[in-house]
Every structure is written in C-alpha cells, then in structure tokens.
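> Sequence:
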Amino acid sequence: MAKRAKTTMVAGLYRLGSILFANTNRAKSITKANSKLDRLKERLSQLRSIVISTVLIIVICVIVHMIWREVNKNYIIFDSIEVPEELVTQGYTGTVVARYLIDEINRIKYVAEDSVKYTLNPRLDIVTIGVYNDIPDLNFEVSETKISFSSIINFFRIYFNKERLNVSGNILIKDKNVEIICRYKSETFQAKVSVDSVRIGINLVALELFKKLKPITIANYYYAKNNFAEGKRFLLDNLPYLETGDRSEAYLILGLIENSKLPRDTTKSRVYFNKAIQENSQNAAAYNNLGLLMRENKQYILAESCFKNAINANPKSASAYVNFGLLRLSKLNHKDSLMAEEYFNSAIAQNPNYSSYAYINLGLLKKYQGDSDTAEKLFQTAIDVAPRQVDGYINLGLLKRDEGRLVEAEELYTQAIKLEPKNYFTHNILGILKRDQGIIAEADSFFRVALKLEPKRPAYAYNNMGHIRRDMMQNVTVDSMYHLSNRANPKAPNSAAYLGIMAEGRGNQSLAKYWYNKAIKVDSSGVNAYVYKGFLELDRHNYISAEQELKKSIKLNPNFVDALICLSLLEIAKGKVDRANLLHRRAINISPTNSAFAYNSIGNLRRDQKRFPEAEKMYRITIQINNKYISAFNNLARIKELQNKLEEAIIFYNKALAINPKDLEARAGLKRIIRR
Numbered sequence: 001m002a003k004r005a006k007t008t009m010v011a012g013l014y015r016l017g018s019i020l021f022a023n024t025n026r027a028k029s030i031t032k033a034n035s036k037l038d039r040l041k042e043r044l045s046q047l048r049s050i051v052i053s054t055v056l057i058i059v060i061c062v063i064v065h066m067i068w069r070e071v072n073k074n075y076i077i078f079d080s081i082e083v084p085e086e087l088v089t090q091g092y093t094g095t096v097v098a099r100y101l102i103d104e105i106n107r108i109k110y111v112a113e114d115s116v117k118y119t120l121n122p123r124l125d126i127v128t129i130g131v132y133n134d135i136p137d138l139n140f141e142v143s144e145t146k147i148s149f150s151s152i153i154n155f156f157r158i159y160f161n162k163e164r165l166n167v168s169g170n171i172l173i174k175d176k177n178v179e180i181i182c183r184y185k186s187e188t189f190q191a192k193v194s195v196d197s198v199r200i201g202i203n204l205v206a207l208e209l210f211k212k213l214k215p216i217t218i219a220n221y222y223y224a225k226n227n228f229a230e231g232k233r234f235l236l237d238n239l240p241y242l243e244t245g246d247r248s249e250a251y252l253i254l255g256l257i258e259n260s261k262l263p264r265d266t267t268k269s270r271v272y273f274n275k276a277i278q279e280n281s282q283n284a285a286a287y288n289n290l291g292l293l294m295r296e297n298k299q300y301i302l303a304e305s306c307f308k309n310a311i312n313a314n315p316k317s318a319s320a321y322v323n324f325g326l327l328r329l330s331k332l333n334h335k336d337s338l339m340a341e342e343y344f345n346s347a348i349a350q351n352p353n354y355s356s357y358a359y360i361n362l363g364l365l366k367k368y369q370g371d372s373d374t375a376e377k378l379f380q381t382a383i384d385v386a387p388r389q390v391d392g393y394i395n396l397g398l399l400k401r402d403e404g405r406l407v408e409a410e411e412l413y414t415q416a417i418k419l420e421p422k423n424y425f426t427h428n429i430l431g432i433l434k435r436d437q438g439i440i441a442e443a444d445s446f447f448r449v450a451l452k453l454e455p456k457r458p459a460y461a462y463n464n465m466g467h468i469r470r471d472m473m474q475n476v477t478v479d480s481m482y483h484l485s486n487r488a489n490p491k492a493p494n495s496a497a498y499l500g501i502m503a504e505g506r507g508n509q510s511l512a513k514y515w516y517n518k519a520i521k522v523d524s525s526g527v528n529a530y531v532y533k534g535f536l537e538l539d540r541h542n543y544i545s546a547e548q549e550l551k552k553s554i555k556l557n558p559n560f561v562d563a564l565i566c567l568s569l570l571e572i573a574k575g576k577v578d579r580a581n582l583l584h585r586r587a588i589n590i591s592p593t594n595s596a597f598a599y600n601s602i603g604n605l606r607r608d609q610k611r612f613p614e615a616e617k618m619y620r621i622t623i624q625i626n627n628k629y630i631s632a633f634n635n636l637a638r639i640k641e642l643q644n645k646l647e648e649a650i651i652f653y654n655k656a657l658a659i660n661p662k663d664l665e666a667r668a669g670l671k672r673i674i675r676r
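For the sequence shown, UniProt numbering assigns the number 1 to the initial residue and increments by one for each residue that follows.
What the hints contain is simulated information worked out from the structure, not anything from laboratory work.
You can trust all of the hints, since none of them are fake.
Heads up, simulated BS3-like pairs for lysine-lysine below, C-alpha to C-alpha not over 25 Å straight-line:
id : residue 1 : residue 2
1  : Lys275    : Lys261
2  : Lys422    : Lys261
3  : Lys275    : Lys308
4  : Lys225    : Lys422
5  : Lys574    : Lys552
6  : Lys521    : Lys456
7  : Lys555    : Lys576
8  : Lys617    : Lys645
9  : Lys518    : Lys298
10 : Lys456    : Lys225
11 : Lys555    : Lys521
12 : Lys456    : Lys422
13 : Lys513    : Lys552
14 : Lys298    : Lys275
15 : Lys308    : Lys298
16 : Lys552    : Lys518
17 : Lys418    : Lys225
18 : Lys551    : Lys298
19 : Lys655    : Lys628
20 : Lys521    : Lys552
21 : Lys456    : Lys518
22 : Lys671    : Lys628
23 : Lys418    : Lys456
Bear in mind that the values here come from a model prediction, so they are computed numbers and not experimental data.
Using the sequences and the hints given, assemble the complete structure.
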C-alpha cells in the first residue's frame, strides 16, 4: 500500500515537472515571436520612409524637369524641317532621309505638335512616339509617296496603290494604339497598329517631305541597291496606277532588273524594253539597252538601228554614242574603226561626266591599231576624269602588262582593288600578273578570292587556276579545272579550247580536234580556238589547213599574238625563216608579255608530248623575251630533270630562285633531286 502511494506521488511529480517545462518553453517561443514582430514592424517603418522619400524625389524631379522644359522650350513645327533637295532628286529614300531627319531632331532635342510628343532614342537610332491623354486628330494629305520608314512597301500600301491624287485622312492615337484612317473619293480604308510594335514616329515627322518622291524614284532606289526582287514586285503592283511617261520608265527598270539579276532572263528583259518603247517612243535608254541585247546576240543590224534611235531620241545620250562606237569597233576594219573613233569623240563632247568610258574605248581602239603611246595617254585621261572608277586603272594596267611593265601594272591593279575590294575581275588579272612573275602561291590565292567574290561566274578563275597547275605539270588537276570552267559556262569557248590542248599534249588528236571544234561552234569569233586548231594541223604537217585556221584567227584580230607566233612556227616548218622572223618580231612588238606566255605555253605542249628538244627551244625563246620569266626557268629545269640531266636542272632551278627566293616549284624541284 505504502509502495503504491509512493509510486503515485512520483508520477504526479513527473507530470507536474513536464507541465512546468512545457509552459517555460511556450513562454520563450512567445517572447521570441514578439521580438521578430517588433523587428518586422521596424523594417516596414523604414521601408515606408524610403518609399515616401523616393516618391517625393521623383515628384520633385518631374516638377523640375517640367519647369526646365517650359523654360527651355524649343519646339519645331513639321513643315520647318527641310531635307536638301538633292536627297530627293537623286533618288534617296527611306533610310537616308530618315537619318537626316534624326540628325535634325537630335539637334533640337524635343519635337512637338500640339500634345503629341516625339523623342529621340539614340540607342535604337529611331524616333519613338510617346502617348498622352486628350490627343487631337492630326490631319494630313498624301500624294505620290509612300511614308513608312520601317517598311516602305507594306505599311501604307493601302492608299499608295490608288491613283496618285490627294488622299485625305487622319491618325488617331488612343490607348497606345495608332488608328490610320484614309479616305479616297467614296472609299474609306483603315489600319490599326500598336505603338509599341511599329516604329512610325519617323513617318509622321517625314510625311510632307516624302511627298516629293515618286514611285519611279523608289523603284530606281531598289535597282541601285540590287534589291531586284522587291523592286520588281513594287513596280508590277503599281504599274496600273502610273501615268504613261512613268509606265515607260517602269518597264525600262523592269528590263534592267531582268538583265541584272542572276540568272539573267534576257528574253523578259527584251520584252520589257520593247514595252517601254511602245509607251514612249522617245525613251532613249530603252533603245540603248535593247541595242546592247541585240549586239550580245550578234544581231548587229538590229543593234545598230537601236543605237541610232537612241541618239535620235536623245542627241546628248553619251552612252548611246559609246555603244554605237563599240559596235563599229567590233567589225575590226579601217572604215568602221574611224567611225567608232568619231562616235567616241561625240560621246565626250555630249557628256564630259560620262567621258571616262569614251576615253577608255578610244584607248582600246588605239591599242588595237598598235598606237600604245596614245592609248596610254587616253587611259590616263580616263583616270583623271573619273579617279574612282576602276575601268581606267584596269585597262592602263593591262596595257603596261602587255609591254612587260609588270611593277607599274601591279600598282594600278592594287589601286583598283582598293577602290572596289569586291571586284572579282581585278583579283583575276592580279592573279595573272603574279603568274607572269612566277609567284604561283599568290596567283592561286587571288584566283580563289575571285571565286569567293563571284561564285556564280567561276569560269575565268577556274581557267586561270588550270593554267598555273599546267605550268607545274599537275595535269590531272589541270583537266579538272578546265572541266569545272566548261561546266560553269558551256557557252564560253576558252575552256573547251584548253581541254583540246590537254588532249593534244597526251597525243589524243581526235579528242583535241573535238574540243577545238566545240570551241568554234560555241563562238565562231573565238580567236583562241582557231589558233589551237591551226596548231593541231601544224603538228600533223597539214600546212595548208593550219594556215587557213591561223589566218581566220588573224582576220578576227590582226594583233593576236598567239596566232602570229603559231604562224611564224608554220613558216619555219615550211622553210621560210625570214618570214617567220618578221612575224616573231611583230608579236613581240605588240606584247612582249603575251609573246613570252605564248612561247612558254607551246613549250609546255611539246614537253607533254615528250618532244623535249622543241620544248627547250620554246623555253629559251621565252627567256630571251623576258629574262625574269620564272616559269620558263622552272620548265627548262623540269625537262632536264625528266631527261636525268640533274646538274643542268639544278642550274635552272637556282636561276628561278635568284629571281624569287620563295618560289615553291624551284624549291620542290631541288628537294626531289637531293632525295634521289
């Protein structure tokens, strides 16, 4: 009993202790919670003070800013912003005009019209629109123009396609949305856009200024920027609404677009030029461009008629005089050459600003006549008249290269590349110059750059890359280069002629004749193919046939060096040495550089045919003409190496390295000999 009472008492004490302990912990928790609540209230109080202070600062800043604006008001009315007339008359639209306006707005800082405010955003380089309450309607009129800066075509298309009469309307800006309402006669057109998504501030500012621009001006802008697809779509959409004179100009631009885009569509281009003439029989530019197409298609009588009509329609059309002169020059006879010269001089008299082209063509005429001194002066005059046009530099460089003045030629080509870094033709001819100097690696790099610049017109570069590989006896690669060129442009005769040379070098005369005939079939005026076919007949000892083919080439171009040299070799084969020497000297007088290249090429052909003594003779003649022609020294070394005359080969490789210590072919040749 006593034991039970004791146990009960212990249990009670234990429960009492637990209760007391729990109450103590609860009290501590409450105290801790109260402490956190006090700290939170303190922080909220501090935050409230910060917010109130910030709001007060913002309010004060706004008030100060408003006061500052009132004090420094410098508003401008839209009509007082003037764009220079030349920006409009020269066909500049959109971005150019907008950038000018932005500069004006930046100068003023704020622009206002009633309660519509515009501010400059320098980071975006646009004018953005700010929306305020109680904005009134802004009335405007639109004629002969398109307003949208962000998209000239799409945004205001709705009324631009109507007849070019005044269109009335207004712009409502409500709840950050812009509602454009345009009315024309009894029709009403509407469009809604978000201010946040469309940057139209610049359009509202430039509205009156863009009225001066006509659809043809905008189309010319697209054409000048090579945006052919957009320009074509724009013109076709607006043709029904253009006046007669503008329709003729529109068809002219459409023809130019079809003729300029890749791939060209000369059939459509011809149709558009004819439509331009139907709309306006005095459209000289349409006649002129149609004449160029006719000349390209060898329809010379029609071309002549077109150029005459162009001159009759506009007696001051310098380009028509130049093109007529070029047509006469292509006939390559004395009478037509004199007439060509007369037309070139007429072009200079009619338009001095266009005269650089006339001077260039006069220079080409004099070069063809063998008057190199006068030609040089005319090319230099072309450069002086238009120092930023590359054609003068290129043609003067070609003349100097033909005369063996390679350093001067390189300077002119380099200047042309500085003026037009993306001119693929200049890179090609600079590559040819490097090949002439025996700097093969640099030559190849220039040809590769030309391929990248004009991947859709690779034939010329592939041919040149084939030439340097042929000099290095990489015949498999040579064939592939010429085949690539032929596939890229099957209508170009040169690659077919070069494939004929390669077949002839391998002794496959039937295949060589096939390629030569194909080259002639593609272009009956192709002087190269007749030369190579004549050379093939010479190899077969068919002297009469050889002479006939070579004379065909000389008839087409009396100063064609390759033909003269082959004809001199024919005279040697017939035993007429004096006649051969006359032809040889004539070729060198016309162009020592081209003569050296021709003899070196004949040497390569003889080398491929394993006719080493004849090859050596050709290479030695090459060196007599140009004692720094590295390829000839390397080729001499190579045939000595092939004949196992290693000591002589080493001498010629070292002579090549004396001219250019970095010459890769000579170095490779010496390494081959050392390894033996």
